[in-house]
Amino acid sequence: MEKETHQNIESIIEAGKMNELRKLLIGLSHEELERLQKLLNDPHEFSNEISSLLPYAIRKMVERGEISVDSLLPFVEESMHKSIQKNPQKLADILFPVMGPAIRKAVSEDLKRMIASINASLESGFSFRSLKWRLQAFTSRRSYAEIVMANSYLYHISNVFLIHKDSGILLHEASAPESKALEADLIASMLTAIRDFVQDSFSNAEKGTLDEIQFGSLKILIEQGPYAVLAVVAEGQPPADYRVTLMETIEAIHFNLGLELEKFDGDTEYFKLADKFLQQCLIKQKKEKKQKAPYQLIFLLLLLIAGVGYFVLINYENKANFKRFITELEATPGYHISSSRMSFNKIYLKGLVDPLAEPVEEIMKRFQKIEPGTLQASFEGYLSTEPEILQRRAGLLLSPPEGVEMKIENNRLIISGTAAADWEQNLELKIAAIAGITGFDISGLNKKITDLQWIIPSIERHRFLFDINVVKLDSLQQIQFDSLVQAAVFLDAYNQLYSRNMAIYVRSYTNRNGNVAANERVATARAEGFITLLENAGVKKALLKSQVLFAEDLRETVSLRTVHFSVFDNKPISR
Amino acid sequence: MIKKKIAMLGAFAVGKTSLVQQYVHSIFSDKYQTTIGVKIDQKQITVADQDITLMLWDLYGDDDFMKMKPTYLIGASGYILVADGTRSETIEVALQLQEMAAATTNNAPFLLIINKSDLSETWEIAPETILRMQQKGWIVLLTSAKKNLMVEEAFQKLASLMLNPY
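Same order as they appear, the protein sequences are chains A and B. The letter at position 50 of the first sequence is residue 50 when you use the working numbering, and the numbering goes up by one with no holes. Numbers in the working numbering are just positions in the second sequence, counted from 1, shifted up by 1000.
Treat each hint with caution, since some may be false.
Unchecked claim - With a straight-line cut-off of 20 Å between C-alpha atoms, the simulated PhoX-like cross-links for lysine-lysine are:
# : chain 1 : residue 1 : chain 2 : residue 2
1 : A       : Lys165    : B       : Lys1069
2 : A       : Lys323    : A       : Lys286
3 : A       : Lys319    : A       : Lys112
4 : B       : Lys1039   : A       : Lys165
5 : A       : Lys319    : A       : Lys286
6 : B       : Lys1043   : B       : Lys1157
To be verified - Facing chain B, from chain A, some residues (calculated, C-beta under 10 Å):
#  : residue
7  : Leu171
8  : Ala174
9  : Glu183
10 : Ser189
11 : Asp200
12 : Tyr348
To be verified - Residues on chain B that point at chain A, a partial pick, calculated with CB under 7 Å:
#  : residue
13 : Met1001
14 : Ile1002
15 : Tyr1072
16 : Ile1074
17 : Lys1157
To be clear, the hints were calculated from the coordinates, so they are not data collected in a lab. Note that this is a predicted model, so its numbers are computed, not measured. Virtual Cβ for every residue (Gly too), placed ideally from N, Cα, C.
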């Protein structure tokens, strides 16, 4: 019993030692070892453990370049192929949600491309530009397509060559569909020869490679790899990062076809696989169309606006002018406008016009913008009763002398001032004949003796022949005498009005035959006698003076028994 | 498609360019034009049912002023040494060039062509000289670019050597 216990204790101690020893040797506890063993024995458990690590491991391998996506492709493709062969419906079901949008996208992309290509053909097909390009193509002996490409693209890569570095043999080439077929083999060799020549000739210079050859607008970009060279023919200036594309491409080709390149013995068949890499180098960038400001259109529009503006302004001005003209016409005395309109710069008027109104042509002259020819007026005559016209009419019919004022008040003619007596004669009758005048007032009109010229002859034209020693008027002479008296009265009035001192000489004639003194006495008596007659008729004595003249003293022949009259001006009398 | 680079080597005015012109374009011109640098031509032929494109690098003639540089030979699958049968010194040049070419092309197949075989009156190469070179294992052909004698055969021969070197 004791021994058994001792053994147990020993075995425990042993196990402890063993564990300790194990820990020291492999660093794992017994439990951990057991768990690992169980993991390895149970496939379910093991696959669980691995599954969490597997994606991480694959990613690591891809990163390290141990496997590439390209190397996985054949497996994926083959498994898909087998899957389709086995059950096509399954894949169709899987792809179903993707197919619809994909087809729609493809169709819409195709449509877009088609529209763009139609646009492009229309643009370059019938334009002046396309003619220019055709001429350019003809003169430069390049194809039309090339010229179009050169002019439409900012840059475009027409050819890509993959060239074996040592031999200069063309391994593969890709070219843009519209580019010209080149003698690619010769170009590849020649490029290599040029590169060799450059390297050979400038071998003393710092170590470098031939990267670029420029010829006019053409550029050949060269990207060197360890076994192969990529050369691209570019028209225009490719983007700055295009070099990176070339580098990546040559790297990818070396990565995928490195062995074939290294062991190249002239068979270019393998390098068809490089086509997809070369294709991605064929890029192009269409020139952005210059958004040229449509100056011509703007100019035309401005011209149009200016034209319309001018027309509107002129029209407005014409209308305003027309309105002012009509207003003026309506306000002008003697006009009555019944209708007026303006169309196409012509003025049409209808209405009544007084013959004494201001002529319409005169009114138009005050409106510079209205040409004389633009007026089409049809006026009918009428007699206006407007005060201005009445006044004008009265003035025309009465011809008032200076000093007479006429005005119209409520169609009545008011005449004031001073007028000669003869103007006043029959004035009332004359006024009554003026159309439109309903009454008159001439109380303010004073008579005026103005015309001395008619008084003097009317006095001096009288002569009276008497019998010897007789001063007596017969019936015929009496009529003449009354006229003389009237004239003498006028002369007196004239003297008073103008403070003059006109006098009448009553002349009697005799001769020096016989008793001169007796003759003179008789003549004086005849003159005095006539003065008495005049005094009796009402002529002031102060106005009359007797005068005896001898016939011998006169140049004219006079009858001795006649009495003549002469008016003369004494110096003015002061009042 | 098999493509091979062939270099034409030799002293100046031995007829390298004439041989290539005759072979590729079937033309010959008496006018001498010196080659500056390299002229490249290509010719498609069939050798043993195999289509092959020959890229012919017609190199400038080697002389005292312009020594042939090995750069142009790199990558050549074969080369043709050309000598002028009326100038014996051109054989010496060919011999020197062969040493350089062998080193550069890693012992690529080659032929020696002695050109101008139509000019028998001024012929200078003794049969012993030719025999000595043939004993070295060289293939020696007499050609006339002018009369188109053995020209095609020479290129054909080199092509078959390149395809089956042993």
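Ascending list of hint numbers which this structure does not respect: 2, 3, 5, 8, 12 and 17
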